[in-house]
Amino acid sequence: MICCLFFSCFFLVVGIVLAFFLFWTRKQNEYRWETEINNHPKFAILIPARDESRVIEGILQSIHNQTRKVFMKDVFVIVEDKRDATVKICKKYGASVIVRKHLELKSKGYALQEAIEFLVEKDIYYDAYFIFDADNVLDCHFLEEMEIDYLKGYGISTGYRNLKNGQGVLPIAAGLTYTFINEWINKSNLKYQKNLMLSGTGFYIHGKYIKEWKTYPFHSLTEDVELSHYATLHQISMNYNEKAIFYDEQPTSFSQSVLQRKRWIRGYFHNYFLAMRKYRRALALNPINKGSMYANLYGIQMVISLVLGIFCFLFFLLVQFVCQTNLLALFLFFVFLILIYAILAFGTLMLLWQEREKLQFKQSFFWSVVWYHPLFLFSYVYVFLLSLFQKNVSWDKIEHHS
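Residue 254 in this note's numbering sits at position 254 of the sequence shown; the count goes up by one each step and never skips.
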């Protein structure tokens with residue numbers, strides 16, 4: 001029991017110290033702007049689409065309707081089989097189709113790699129490469145807003161990820177993860193010129209880097225996280241453009257959500273451990289964005305320390321009750337549990353209220369989401385344990401319906 005209390009205090013102190021350190025170093029950043037700017041940029045749009053005939057028309061139509069026009073032949077849909085019904089829909093809109101050859105390499109990153117290598121082989125280059133999922137739908141001003149970021153000299157820019165299927169409590173709760181990352185973390189980082197955390201889709205990469213790589217070198221379970229670490233380590237300027245809105249479909253069943261989050265967690269920590277040593281070496285050189293590097297290196301350690309400290313304390317109270325029938329300990333256990341739930345519910349309420357005019361969801365679900373979302377967040381503990389102990393965590397297809 002004493003060990004539980006000791007570890008609780010230890011982890012909480014470590015978490016608080018790291019929080020103060022990250023707060024102190026948050027301003028130690030400068031942007032390195034891109035100088036290779038074309039005033040009339042040529043955009044490529046890459047869309048991995050593994051059997052996505054149900055949803056591909058939505059994104060193609062939204063690209064066709066952009067206020068900042070692109071040639072549909074510069075839209076590249078990446079399929080795995082030329083007999084896929086997706087191909088016929090692409091031809092209807094004049095979009096280009098790339099059929100994958102190496103299907104044994106299963107990840108979104110490998111699909112993007114084949115597309116870029118196909119273009120490089122034909123000596124076709126663009127000023128910026130946009131990456132979307134097949135189920136995305138773009139606001140008609142998306143590319144117009146993103147072109148502003150390109151002309152400003154950002155190496156990478158990501159848009160505002162809105163809800164495509166906000167007709168249920170679970171999809172709304174799942175979508176709030178991205179809203180939290182963008183509106184509270186990425187927007188806060190922008191104030192201090194810090195690098196951002198990309199979340200899957202809806203961003204562009206400056207053509208300079210594709211020309212340099214001649215491929216897409218990010219192949220992990222979470223290639224977006226891998227790219228985010230790369231951008232920080234190589235001091236690539238990043239922006240979050242909340243005016244560039246796109247819509248994304250969220251899981252409609254808890255099992256799908258678990259499958260998705262299990263891959264995220266495994267991929268996140270895989271990339272984190274690979275990047276740790278690189279960050280330490282880079283920080284020794286006193287980089288211009290060391291605040292971003294500190295945040296990526298120690299941010300997750302801070303969160304884990306605080307969570308472990310809280311869990312150890314709750315476990316201590318539970319052991320006190322079980323071993324000594326200490327009713328006060330049981331009372332405090334439930335008080336702290338309810339307090340944590342209330343804090344998460346209040347945070348959800350604030351986020352929903354702040355984004356009430358942006359997020360597309362039925363307002364009748366507002367209070368249901370406030371009460372449910374903390375439970376959804378608690379389930380990350382269960383998903384984390386699954387990702388930790390299950391051997392086979394792979395890039396599995398999530399079915400899209402709208």
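Hints were generated in silico from the structure; no laboratory data involved.
Honestly, I wouldn't trust all of these hints.
Distance windows between CB atoms, simulated [said to hold, decoys possible]:
1. N286 to L318: 44 to 52 Å
2. L283 to K73: 21 to 29 Å
3. K358 to T67: 17 to 25 Å
From the three backbone atoms N, C-alpha and C, an ideal C-beta is built for every residue, glycine too.
Right, here's what the structure says about each hint:
Against the hinted window of 44 to 52 Å, the Cβ-Cβ separation of N286 and L318 comes to about 47 Å, which satisfies the hint. Hint check: L283 to K73, Cβ distance near 44 Å, so the stated range 21 to 29 Å is violated. Remark: the range hint 17 to 25 Å for K358 to T67 is upheld by a beta-carbon distance near 19 Å.
The structure fails to meet hint 2 from the earlier list, while all remaining hints are met.
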